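Chains A and B are the protein sequences, given in the same order. Quick note on numbering: full-length UniProt numbering labels position 111 of the first sequence as 111, and the sequence is numbered without any gaps. Quick note on numbering: full-length UniProt numbering labels position 128 of the second sequence as 128, and the sequence is numbered without any gaps.
Hints are not guaranteed to be accurate.
If several chains are the same, the list does not tell them apart, and a pair holds so long as it fits within one copy or across any two.
[To be verified] With a straight-line Cα cutoff of 30 Å, these simulated DSSO-like cross-link-like pairs (lysine-lysine) come out:
| id | residue 1 | residue 2 |
| --- | --- | --- |
| 1 | Lys139 | Lys206 |
| 2 | Lys107 | Lys5 |
| 3 | Lys22 | Lys47 |
| 4 | Lys107 | Lys209 |
| 5 | Lys47 | Lys28 |
| 6 | Lys178 | Lys28 |
| 7 | Lys178 | Lys5 |
FYI, nobody ran anything at the bench for these hints, they're computed from the structure. Just so it is clear, the structure is predicted and the values come from calculations on it, not from any experiment.
2 protein chains.
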Amino acid sequence: MVTNKACIVRLSRYKNALSRLKSLGFVKVFSDNLADAADVTPSQVRKDFSIFGVTGNRRGGYVLDELIERLNRILGKNVTQNVVIVGAGRIGSALMKYKGFEKENIKVLAVFDSEPAKQDPKADTPILPIEQLEGFIRKHHIKIGIIAVPDIAATEVMSIMNNAGIKGVLNFASIRLKGGEETVINNVNLVSELENVIYFVNASEKSKKGGK
Amino acid sequence: MVTNKACIVRLSRYKNALSRLKSLGFVKVFSDNLADAADVTPSQVRKDFSIFGVTGNRRGGYVLDELIERLNRILGKNVTQNVVIVGAGRIGSALMKYKGFEKENIKVLAVFDSEPAKQDPKADTPILPIEQLEGFIRKHHIKIGIIAVPDIAATEVMSIMNNAGIKGVLNFASIRLKGGEETVINNVNLVSELENVIYFVNASEKSKKGGK
Numbered sequence: 001m002v003t004n005k006a007c008i009v010r011l012s013r014y015k016n017a018l019s020r021l022k023s024l025g026f027v028k029v030f031s032d033n034l035a036d037a038a039d040v041t042p043s044q045v046r047k048d049f050s051i052f053g054v055t056g057n058r059r060g061g062y063v064l065d066e067l068i069e070r071l072n073r074i075l076g077k078n079v080t081q082n083v084v085i086v087g088a089g090r091i092g093s094a095l096m097k098y099k100g101f102e103k104e105n106i107k108v109l110a111v112f113d114s115e116p117a118k119q120d121p122k123a124d125t126p127i128l129p130i131e132q133l134e135g136f137i138r139k140h141h142i143k144i145g146i147i148a149v150p151d152i153a154a155t156e157v158m159s160i161m162n163n164a165g166i167k168g169v170l171n172f173a174s175i176r177l178k179g180g181e182e183t184v185i186n187n188v189n190l191v192s193e194l195e196n197v198i199y200f201v202n203a204s205e206k207s208k209k210g211g212k
Numbered sequence: 001m002v003t004n005k006a007c008i009v010r011l012s013r014y015k016n017a018l019s020r021l022k023s024l025g026f027v028k029v030f031s032d033n034l035a036d037a038a039d040v041t042p043s044q045v046r047k048d049f050s051i052f053g054v055t056g057n058r059r060g061g062y063v064l065d066e067l068i069e070r071l072n073r074i075l076g077k078n079v080t081q082n083v084v085i086v087g088a089g090r091i092g093s094a095l096m097k098y099k100g101f102e103k104e105n106i107k108v109l110a111v112f113d114s115e116p117a118k119q120d121p122k123a124d125t126p127i128l129p130i131e132q133l134e135g136f137i138r139k140h141h142i143k144i145g146i147i148a149v150p151d152i153a154a155t156e157v158m159s160i161m162n163n164a165g166i167k168g169v170l171n172f173a174s175i176r177l178k179g180g181e182e183t184v185i186n187n188v189n190l191v192s193e194l195e196n197v198i199y200f201v202n203a204s205e206k207s208k209k210g211g212k
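Same shape as in the complex, but just chain A (with noise of 0.2 Å):
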């Protein structure tokens, strides 16, 4: 099966279009209204479905109840995903009781911090010594990890996941990790996604003021 992140990402789009067509009342869809709701051509969302061997009726619609099931199917959505957090510093703090992550059937088992101050094993969300990270990732047979902690303490963290059997991490230190061969790490750099605006907008505003 061809699939690389950009589609999966798309996919993720998708659905989230579709949530909010349903919401507005929608029963079926058209590749226009999620080309217009992701930001891609009709035909690239035709493409990705096709991959899936998810097709519309003749006349290119889709029944909307039944493509959202097919892409949560896909993504992995109709089972709850349990997670961990390492790190309950204010990334992992907010993403702990991140709104988001409840509605799309994700759920944080538990966060794990090495500063007793931060720790809270009786919250709902319980938040625990870093040192019961391992055994607890083996007793719950965890798949996917959060890295929110300083930078230094990433390489470490990641490598305590690896022994215990974690398959994949989003990881918002600064630093690129590198897991086993088998993991799937997403790094998130929130430094570099707005150093990103801030270089387009002078870049734009070097070219204007050159122009003149």
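Given chain A's structure and the hints, the job is docking chain B onto it.
Frame of chain A; chain B shown alone:
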């Protein structure tokens, strides 16, 4: 000048890697060091630098301090970038005090929220009523905004920002925003990023089971 988002993301990564190498006592670096740290090939590093006229010495080495200075200038980091955040929810609050921004010369001048309970005009980083957003942007000539509001409010915030003269937006709402023709928008969807990891982990597990 031929630049695209991916290239600028890499420059950001090189810069982060250089800071770390500097803290380890490095004085000179080679494209191989940066390639490792940024997870690209050495020839990609040299190609990226050559776009901006950055060349190494005859043996392919770069003086670390000079290179950091050049990258900071290219990325517009030689001056402080003032930004505003709209939304003082979990993500907005985390970003407001995010150490990563401060370290990179990015200053959050103010945060805006429509809920009076979240407002705090006297805080170090004031949290102001949303009604003051447009005037504040104009008064302080802010070019860059971060949107961290619920999806339902995102389009309206974008439109206020556009009117007030914002040129670049980092958007955390899960709808893809479109700005004016000259507005740079970078959509970051944390749920999609995690779904991506989940998808590839599931895909890899399935293919293993299929192979048995």
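Right, here's what the structure says about each hint:
1. Lys139 to Lys206: between (56 Å within a copy, 22 Å between copies)
2. Lys107 to Lys5: within (22 Å within a copy, 32 Å between copies)
3. Lys22 to Lys47: Only inside one copy: Lys22 and Lys47 sit 22 Å apart there, 46 Å across copies, limit 30 Å.
4. Lys107 to Lys209: Answer is between; shortest inter-copy Cα gap is 25 Å, intra-copy 50 Å.
5. Lys47 to Lys28: For Lys47 and Lys28, the Cα distance is within 30 Å only inside one copy (19 Å; across copies 47 Å).
6. Lys178 to Lys28: between (43 Å within a copy, 24 Å between copies)
7. Lys178 to Lys5: both (17 Å within a copy, 23 Å between copies)
Consistency note: the structure conflicts with none of the earlier hints.
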